[in-house]
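Protein chains: 2
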Amino acid sequence: MDAEIIAVGSELLLGQIVNTNGRFLSQQFAEMGINVYYHTVVGDNDKRLQDAVDIAKKRADLIVFTGGLGPTKDDMTKETISRMLGKELVFDQEALQSIEAYFTKSNRVMTENNKKQALVLEGSDILANDHGMAPGMVLTVENITYMLLPGPPSEMEPMFLKYGYQTLMKMMDKHERIESKVLRFFGIGEAKLETVIEDLIEKQSNPTIAPLAGDGEVTLRITAKHETKEKCEEMIAAAEKEILSRVGQFHYGNNQTSLIKELVKELTVRKLTIAGAESLTGGMFQEQLTTIPGAGKVFKGGIVSYTNDAKSNVLNVKNKTIEQFGVVSEECAIEMAENVSTQFDADIGISFTGVAGPDTQEGKPVGTIFIGIAFRNGKSLAKKLSLSGSRSQNRVRSVKYGCHFLLQEVNNLS
Amino acid sequence: MDAEIIAVGSELLLGQIVNTNGRFLSQQFAEMGINVYYHTVVGDNDKRLQDAVDIAKKRADLIVFTGGLGPTKDDMTKETISRMLGKELVFDQEALQSIEAYFTKSNRVMTENNKKQALVLEGSDILANDHGMAPGMVLTVENITYMLLPGPPSEMEPMFLKYGYQTLMKMMDKHERIESKVLRFFGIGEAKLETVIEDLIEKQSNPTIAPLAGDGEVTLRITAKHETKEKCEEMIAAAEKEILSRVGQFHYGNNQTSLIKELVKELTVRKLTIAGAESLTGGMFQEQLTTIPGAGKVFKGGIVSYTNDAKSNVLNVKNKTIEQFGVVSEECAIEMAENVSTQFDADIGISFTGVAGPDTQEGKPVGTIFIGIAFRNGKSLAKKLSLSGSRSQNRVRSVKYGCHFLLQEVNNLS
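Sequence order for the protein chains is A and B. Every letter in the first sequence is one number past the one before it in the numbering used here, and letter 124, counting from 1, is 124. Every letter in the second sequence is one number past the one before it in the numbering used here, and letter 174, counting from 1, is 174.
Because the hints were derived from the structure by calculation, they are not lab data. Careful, some of the hints might be misleading.
For identical chains, the list gives no copy identity; a pair is met inside one copy or between any two copies.
Unchecked claim - With a cut-off of at most 27 Å between alpha-carbon atoms, the simulated BS3-like pairs for lysine-lysine come out as follows:
| # | residue 1 | residue 2 |
| --- | --- | --- |
| 1 | K192 | K203 |
| 2 | K192 | K115 |
| 3 | K297 | K318 |
| 4 | K231 | K57 |
| 5 | K58 | K400 |
| 6 | K47 | K225 |
| 7 | K400 | K225 |
| 8 | K47 | K58 |
| 9 | K400 | K320 |
| 10 | K73 | K241 |
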């Protein structure tokens with residue numbers, strides 16, 4: 001089945017909202033084994049919507065519409081489809097009753113245009129709207145299936161999951177499944193990674209291997225198609241094994257995880273506590289740690305030592321260290337990490353000091369960053385970075401590198 | 001000018017990412033007076049991309065592409081356009097040098113495929129990429145203008161704002177200007193704000209007034225069209241005056257500002273320094289402060305006291321206070337603010353303590369938050385919030401309320 005998703009609504013073309021419906025349905029279709037080759041966004045305009053449908057009919061056998069089912073004059077999706085397919089709009093009694101009940105219940109007067117929402121294409125299968133008024137509908141005409149869904153994600157998503165999904169699975173009556181797994185890497189660039197596994201990507205057909213880069217990280221999505229879930233997983237595992245034999249040292253997790261989540265997970269398992277001392281990152285490492293519910297089990301707290309005074313007076317970094325090496329130094333990073341772990345009685349101290357930009361500092365270029373790591377009764381070390389991004393990128397990547405280095409150190413403990 | 005925006009990338013069709021580029025460009029075009037009639041999303045597939053361009057050529061005279069300019073084999077936007085238009089791809093020396101410099105600076109080996117990013121369509125105007133490697137380009141062939149932009153929003157948005165916008169404005173050479181101003185409000189809901197100025201919105205035609213809500217803030221965008229900039233500004237000023245006469249007490253700034261930027265601005269002007277003590281917000285207030293270059297003039301640093309131990313041992317909150325009132329209390333918030341300002345020798349201390357969720361704490365419901373403010377040699381106070389969002393929303397809104405309360409206090413100083 002080849003699908004096209006058409007989002008109808010001028011507010012999308014004015015940039016007032018973003019087409020999250022396209023994303024949601026694409027995710028669902030990818031999992032269901034339905035190919036999505038195009039998304040189209042078109043405004044509340046009868047002629048242009050008709051043109052978009054004419055184009056979609058030539059390249060898809062499933063056309064899914066979101067939006068344009070509401071009560072106002074702007075809403076015209078089903079009216080346009082009705083005319084194009086020569087199918088009358090008729091009242092769906094259940095939808096009508098549910099709309100009337102809604103207004104009675106909320107003590108509001110039902111205006112006449114609200115009734116319009118109960119009109120459906122004759123002969124279509126109705127998808128009930130449990131979170132709003134306009135029902136969805138599915139209709140197949142001349143081997144093309146039209147699925148009309150409401151625009152608000154709060155109505156569309158549950159409607160699709162509860163009713164639309166089953167309807168399509170039944171129609172397809174097919175046994176092929178699609179499974180995928182995302183491998184996450186840090187510390188290697190997209191181009192480098194792709195060069196190393198180029199032959200695997202080139203010969204891709206089933207499973208496929210697709211790289212994606214963002215924010216200093218790279219992911220590889222492995223997608224397999226087969227009749228059984230077991231066989232899919234087997235094919236994915238084989239590809240994963242081959243990939244990891246080449247770039248395993250940069251792999252940190254799978255699917256919906258992140259470096260900070262992996263760090264919290266690892267510290268929790270090992271019952272280790274942590275405290276942070278941050279300069280250029282201004283608290284970002286600690287803020288990210290505490291986005292995770294349950295971080296309180298491993299995170300004690302920390303200090304944002306944004307000025308040299310704060311480093312010496314609050315964090316107790318020796319004046320001699322600052323005078324001799326500067327605050328942007330391996331020595332200062334290590335002292336910061338050691339001192340913060342002592343002050344907060346934590347097993348591990350981690351520190352971030354460096355030049356985020358735009359100005360240089362202590363004659364050291366923008367992007368010079370030291371990350372200190374100190375273990376209670378154990379070793380201390382510092383890693384140097386030379387980043388070349390904007391101030392914001394340098395801060396974000398420093399935190400990611402901090403998690404990356406610390407994960408490496410913690411994994412080496414046992 | 002009628003535009004179509006084509007986003008290229010299979011990751012969009014798989015639902016891995018959402019097309020925020022379509023939204024951003026649509027907003028920009030709406031302001032520039034360029035009509036956007038369609039968005040199209042197409043995968044990394046030469047044939048389907050070509051089909052999409054053939055369709056767009058029939059219905060648009062400006063076709064804007066996002067994505068597919070990267071170094072990998074998947075990236076094929078400029079190769080496809082090159083072939084369709086019969087324009088060679090040639091190396092842009094400036095882009096090539098900047099790519100080489102990037103790799104030299106970051107001490108990484110440049111793989112051959114990275115050079116590909118410096119290839120541009122012959123005869124096109126180049127849009128420099130200040131935040132990445134692939135330059136953008138603009139080329140007009142047979143009365144249709146093609147604009148190619150990179151996919152990552154962190155590269156595309158600044159490139160468009162700094163270079164793409166001007167290029168299009170010059171090409172249009174039109175005399176009607178469009179000017180807009182965004183008024184920002186905090187502490188009032190969207191529905192309430194809209195009710196208060198409903199009559200102004202209803203009679204809107206020129207200037208128009210459009211409300212938009214998000215993350216606890218509401219903005220009003222006033223947009224005026226006229227031949228001269230002066231007249232536009234006059235029209236905007238009149239609308240602004242009327243709006244502020246009704247809801248001026250909630251207005252905190254205009255256009256691309258934020259509560260935290262206004263706070264840094266105000267503290268800088270008044271030469272006041274600040275330190276922060278954070279519990280539920282985990283460093284978010286300090287992290288946001290330090291996103292702003294020059295924050296070092298006002299921000300001394302602070303403490304993330306995530307555990308009760310950290311509050312008493314590092315931040316020196318009295319055990320008696322914690323035992324008697326709990327850490328989620330007015331009394332604890334005030335002590336935290338007072339102590340952090342003393343420890344960091346700052347003019348102002350601000351503190352955040354409360355229950356972010358999902359679990360309750362000290363028998364106090366999720367969303368109970370106290371914000372403490374202490375002035376050196378001056379008054380101390382605490383404000384209580386009862387928020388009803390998710391953990392993440394409660395943290396974000398706490399920081400915004402903190403800025404809001406502190407701005408009010410600081411503005412009352414003189």
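Results for each hint:
no. : hint           : result
1   : K192 with K203 : within (18 Å within a copy, 58 Å between copies)
2   : K192 with K115 : between (54 Å within a copy, 13 Å between copies)
3   : K297 with K318 : between (31 Å within a copy, 23 Å between copies)
4   : K231 with K57  : neither (34 Å within a copy, 44 Å between copies)
5   : K58 with K400  : neither (46 Å within a copy, 46 Å between copies)
6   : K47 with K225  : between (39 Å within a copy, 23 Å between copies)
7   : K400 with K225 : neither (33 Å within a copy, 46 Å between copies)
8   : K47 with K58   : both (17 Å within a copy, 15 Å between copies)
9   : K400 with K320 : neither (30 Å within a copy, 39 Å between copies)
10  : K73 with K241  : between (55 Å within a copy, 23 Å between copies)
Checked against the numbered hints listed earlier, the structure breaks hints 4, 5, 7, 9; every other hint is satisfied.
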